[in-house]
Structure formats: C-alpha cells, structure tokens
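Next come the chains, spelled out residue by residue.
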Amino acid sequence: MTTIVELRGIGKSYQTTPVVHALQPVDLTIEAGDWLAVVGPSGSGKSTLLNLLGLLDRPTQGRYVFAGVDVSTLGERERTALRGRRIGFVFQQFHLLPHRTAVENVALALLYTTPSAGQRTTAAVQALRRVGLGHRLHALPSTMSGGERQRVAIARALVGAPDLVLCDEPTGNLDSANAHAVLDVLNDLNADGVTLIVITHDPDVAARARSRVHIRDGSVTSADPRSAPSATTAKAPA
Amino acid sequence: MTPVPRSERAPETPPTRLRLKDLLAEALAGLAQRPARSVLTMLGTILGVGSFVTVLGLTSTASGQISKSFDLLRDTTVTINDTPPAGTTTRTGQLDFPADTDARLHHLNGVVAGGIWWNTPLRNPALSRTPDRTDALPDDGAVTVYAASPGTLQAMQPTLQSGTLYNDFHQAHAEHVCVLGAAAAHLLGITRVDNQPAVFINDTPYTVVGVIDDSRQLTQALTGILIPSSTALREYGPPADPPAHALIRTRVGAAQLVAKQAPLALRPNQPRLLTAVPPPDPHHLRDEVGTDLSNLFLVLAALCLAVGAVGIANTTLVAVMERTPEIGLRRSLGARPRHIAAQFLTESTALGLLGGLIGTSIGVLAVIIAALWENWTAILQPASVIPAPAIGAIVGLLAGLYPALRAARTEPLDALRR
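First to last, the sequence lines map onto chains A and B. Here the UniProt record's numbering is used: position 90 in the first sequence is 90, and no number is missing along the way. Here the UniProt record's numbering is used: position 292 in the second sequence is 292, and no number is missing along the way.
Hints may contain errors.
[As the list claims (entries may be wrong)] Label-pair restraints from in silico Cβ distances:
no. : chain 1 : residue 1 : chain 2 : residue 2 : range
1   : B       : Pro-15    : A       : His-201   : 48 to 54 angstroms
2   : B       : Ala-306   : A       : Ala-32    : 57 to 63 angstroms
3   : B       : Arg-17    : A       : Asp-192   : 26 to 32 angstroms
4   : B       : Arg-17    : A       : Pro-41    : 37 to 43 angstroms
5   : A       : Thr-2     : B       : Arg-19    : 30 to 36 angstroms
6   : A       : Arg-58    : B       : Arg-17    : 21 to 27 angstroms
7   : B       : Leu-365   : A       : Gly-132   : 41 to 47 angstroms
8   : A       : Thr-17    : B       : Leu-28    : 22 to 28 angstroms
9   : B       : Gln-33    : A       : Thr-2     : 38 to 44 angstroms
10  : B       : Leu-24    : A       : Arg-77    : 19 to 25 angstroms
Because the hints were derived from the structure by calculation, they are not lab data. Think of the CB as a built atom: it goes at the ideal place given N, C-alpha and C, for glycine as much as any other residue.
Given these sequences and hints, build the entire structure.
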C-alpha cells in the first residue's frame with residue numbers, strides 16, 4: 001500500500017501572548033484507499049488540521065510527507081502545484097460559482113492544470129456522471145438542491161484525479177436525505193479507491209468512514225489502531 | 001474516468017499555469033455575469049473617452065469649415081506700409097516706394113494688380129466745379145484728395161458708375177485727371193462724365209474721367225477724389241502723415257509669398273524700409289481656434305477619465321471583496337497569486353477597453369451628428385480616434401492595479417472560511 005499522507009509531529013501555534021496552540025503536534029499516516037474521519041466539535045482544531053493537510057497553511061513544527069514528497073521544504077509555487085494537481089477539496093459551503101453551469105464549475109478545477117478546454121469539459125462531464133449528475137450537466141447552482149450542489153463540488157474535487165480528497169463538513173449544510181446521498185457518493189468513490197479525509201462533527205458521517213481520529217482542544221486522540229496518537233505534552237514552539 | 005497511475009506521472013509536479021485564452025475567458029465571464037454593474041462601471045470611461053473623441057473631432061471639423069469658407073477677399077489682399085518694422089530704423093520721411101511700383105509689383109508671380117496710394121498733404125483744399133470757387137464745397141474736410149496709382153485702382157476692384165479709370169498713360173505723363181467716389185461726385189453735383197466735367201483743386205483743373213459706385217478695397221476713396229500718384233507727387237509733394245501704402249491683390253493662395261517678396265522687389269537695396277502685412281495665415285488661424293476650443297474640454301475629458309478610473313478601481317475592489325470565496329476556491333484549485341492578480345487586472349482592463357470603445361463610438365457619432373446638423377463635413381483625425389479605446393484600456397489597467405494586488409494577497413485560508 002502506498003502512503004499518501006505522513007504527518008510527523010506536525011503542529012501549529014500562533015506567536016501571541018500567551019502562545020496559542022491551534023494544533024498540538026500530531027502523528028498521522030494515511031494509506032491510499034483510506035477513508036479517515038476527523039471528528040471533533042467546532043473550535044477543536046480540525047480546520048487547522050485540514051488546512052495543513054491541504055497545503056493551504058504551513059505548520060510551525062514537524063514534517064509532512066505528501067505522496068512521497070516532503071512538502072515542508074517546498075516553496076509556494078510547488079505547494080500550489082501539488083494542491084492544484086493532487087488534492088481535491090470539498091467545502092461545507094460548496095463554493096460553486098453562481099453564474100456557471102455544473103459542467104463549467106467542475107471544469108474550473110482543471111483550469112490551472114489542463115490547457116485544453118475540450119479536455120476539461122470532457123473530464124467534467126465524466127466526473128458529473130460519476131457522482132450521478134449526468135442529467136444536470138447544464139444546470140445552474142441556483143436551480144439545484146443542496147445535495148446536488150455538494151455532488152457537483154465532489155465532482156469538481158474528483159475531476160483532476162487527485163491522490164487525496166479533503167472534505168470539510170461535506171454534509172454540514174444539508175438535510176439528512178441529501179446528506180445520505182452525498183455520503184453514498186463518498187462511499188462509492190472510496191470503494192473505487194479514492195482516498196478520503198472527511199472532517200466532521202457529525203457522528204453519523206464519521207460512522208461511514210473506515211477509520212476515525214478524534215480531535216479536541218487541538219489535540220488528536222486516536223480511536224483507530226492505525227493512526228497513533230501523538231505525545232500529548234505540548235512542545236514549546238520552535 | 002480513470003485515475004492516472006502514479007508511475008505515469010512526472011516525478012516533479014509541474015507548476016500550475018493559466019493560458020492567456022483561459023485568462024481572457026475567465027475575465028470576460030466575470031464581466032458578463034454582472035452586465036448592469038459592468039456598464040455602470042464603464043460610465044466614467046465612456047464619458048471621458050467619448051468627450052475626448054468628440055472634442056478633438058469637433059475641433060478638427062470646425063477648423064475644417066474655417067479653412068473651407070475662408071475669406072476670399074481678405075486672403076487675397078496684401079498691404080505694404082511705408083514704415084519700417086518696429087524697432088529697426090526710423091522713417092525716412094520720404095516716399096520709399098519707387099516710381100515704377102505698379103510695374104514692379106505686376107512682375108511678381110501671383111500679383112493680379114497693385115499700386116501705391118496716400119492721402120495728399122493738402123490741408124482743406126478748395127474743391128469746386130468752377131474756377132471762381134463760387135460753388136466750392138464747404139471747408140469741412142468731407143472730401144479727401146487721394147493719390148493713387150492706376151494699379152491701386154485695379155486692386156480696389158471698383159464698380160464704375162460712369163466713365164472709366166485713369167491708366168498708365170495718365171500716370172506716365174502726370175496728367176490732371178481724376179476719378180471721383182460716388183459720394184464726392186454727389187457733393188460736387190457731377191452726375192455724368194461724357195461732357196468732360198472738371199474739378200478744381202485749389203484752382204487747378206482736373207478732368208473727371210470716371211465715377212466709381214463701389215469698391216471692395218479702400219472704400220474710403222468713395223468719399224474722395226483720386227488723382228494719379230505721379231501728378232500728386234509733382235503738384236503736392238510726397239505724403240506726410242499718414243505715409244504711403246501699397247495695395248496688392250493676389251491670386252488665391254499667393255498672398256503669403258507675395259508679402260515676403262514685395263518689399264524686396266520694390267526696394268532691393270533697402271527692403272527693410274517697407275513692411276508687408278499679409279492676411280492671417282489660415283494654418284495659424286486654425287491652430288488658434290483649435291487650442292482655444294479644445295483645451296477646456298480636454299481638461300474636462302481628463303477629469304471624466306479620472307472619475308472613470310476611480311469608478312473602475314472602486315468596483316473592482318468591491319468585486320475582489322465580494323468574490324473572496326471564489327479567490328480562495330481558485331487558490332485551492334491550483335491558482336497562484338499571479339493568476340488571481342492577472343484575472344482581476346484583465347477584468348478591469350477589459351472594462352476600460354470596452355468603455356473606451358463605446359465612448360469612441362459615441363464620440364464619433366456625436367461629431368457626425370453635429371456636422372450633419374451644421375451642414376459641415378465631419379473630419380476625424382485617425383491619430384485621435386484610433387488610440388482612444390487604448391486610453392480606456394490604460395485607465396482600466398491602472399485602476400485595477402491595487403484591487404488585483406489585494407486579490408493576489410488574499411489568503412486562501414481566510415477566503416474559504418467566509
């Protein structure tokens with residue numbers, strides 16, 4: 001099995017007085033094909049973890065190896081390239097562009113990586129079919145249900161064939177019926193071999209995952225044998 | 001859709017790119033999604049560029065009309081004064097025109113007719129129809145005696161009431177002949193010349209050869225008596241004050257050249273004794289009209305452009321703030337800060353360019369309508385119309401700099417939390 005994510009003592013703290021530890025140093029390993037749920041109440045540091053995993057933020061300590069590349073040493077250009085080409089994001093607020101059709105919204109994910117507009121559209125159509133929206137290709141987000149919108153967002157995360165899909169509260173804005181549909185899609189994707197990390201405070205969502213870690217007050221405690229908990233003692237920031 | 005196997009991927013992840021075509025498509029999509037706002041944003045640029053084009057177009061059109069309907073009479077008349085140009089030498093007090101002035105002027109290319117004239121230095125001459133002064137005119141200076149060479153009479157373009165003009169023969173022999181202006185003839189009671197009436201100037205008889213009804217130049221002669229300049233010189237001496245003048249009628253377009261050449265042709269040894277007064281240079285006139293008219297309006301146009309720039313800057317900045325989540329999303333999709341900056345800069349530049357194009361069209365239309373209204377020929381200088389849209393684009397580019405920079409600096413983290 002290929003290791004996609006390897007966190008070694010990754011932590012984030014802010015140099016205020018007193019020093020705020022947004023995330024205590026954590027060790028985490030995610031293999032290809034995994035589905036990990038990060039569970040915790042709001043303000044627990046799970047968004048910080050997601051941002052670090054998604055290369056949207058830099059840790060203040062520790063080492064992060066993503067798909068064999070030590071990203072701690074990379075410059076912004078390389079980090080952006082990894083983010084754009086090898087990580088897919090699904091957000092709680094969907095973040096679909098309101099005036100663009102489903103296909104256009106999905107194709108946007110390839111704008112910065114795929115020069116051919118034709119290829120982008122073809123891939124977008126395929127991705128939408130994969131999440132069960134083949135009949136809504138040219139619908140505008142305003143005419144879609146929340147579940148459909150989130151499936152468009154999932155298609156957008158998938159379309160670049162990323163090594164990892166990061167989902168931030170993917171069902172947070174959905175009713176239970178729509179949430180189930182979205183989770184079913186995630187289930188199917190994972191069954192097809194897509195590596196997922198889902199951040200949620202919803203135990204039902206977490207229950208779908210193959211493995212879970214709990215996070216509280218910036219500290220990760222494992223509920224799964226594969227992801228070992230970090231030392232709970234806070235290290236002084238470097 | 002099949003995920004690409006790891007082994008086929010380049011070991012180094014290639015950097016993300018944004019092709020120019022895609023950049024333009026994204027920027028235009030951004031504008032097209034909010035058409036009403038885009039139009040309002042462009043308003044300042046439309047007004048600025050529009051007034052810029054209109055002002056320059058109207059100026060060139062109006063000056064075109066000036067040169068078209070130019071004053072034929074004024075533009076074919078050159079006057080030469082027997083006064084040196086100011087600050088050079090003092091007047092000689094003599095008649096500085098040569099005796100053969102008419103002939104010398106006639107030899108110049110472009111001269112139709114020309115000659116000298118002056119007020120004879122007679123103080124209150126006794127003018128009467130009879131030698132005994134019984135019917136002498138009252139001593140009120142109403143009738144002046146002018147010395148005028150035959151060339152001057154030609155250059156005056158007179159309309160004869162009766163008789164004829166005196167000619168080179170009379171001039172050469174200093175004959176005692178005269179031509180009367182219509183008003184003077186009326187005062188003297190002379191209505192016909194076929195009975196060869198005479199006018200006595202200080203008891204010297206002058207045969208009246210003709211009466212002129214009207215003239216296009218030297219209209220003061222209509223109330224006077226004209227005698228050959230050679231006769232005047234012999235009888236009454238050179239002009240005192242005012243000095244003598246030469247009146248020259250030229251062919252169309254020759255006035256400037258004749259004015260340059262005439263002093264030299266008349267006084268090759270001392271051309272500076274004479275001052276030629278050409279008609280106003282039509283090109284010069286046009287420039288003056290142009291600057292007078294356009295300066296104020298160009299300032300207004302610049303103000304409009306400045307307002308337009310502020311408008312675009314403001315709207316783009318609002319758009320950047322409004323679309324912060326979109327910026328965050330694009331960053332998460334692999335957009336680098338420069339891609340974000342380029343997108344917003346392209347949007348503002350496109351807004352400016354579009355505003356410039358619309359403004360130019362409106363300006364051209366305004367000039368054409370104004371020209372049609374006034375029955376003029378619309379004249380649009382390509383040098384002012386063609387770069388006008390580019391001015392709008394530059395305004396948009398400058399206005400977009402700060403918002404684009406702000407967009408590029410947006411942290412994806414903060415942006416996505418909105």
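Go through the numbered hints given earlier and state which of them the structure violates, listing their numbers in rising order. 1, 7 and 8
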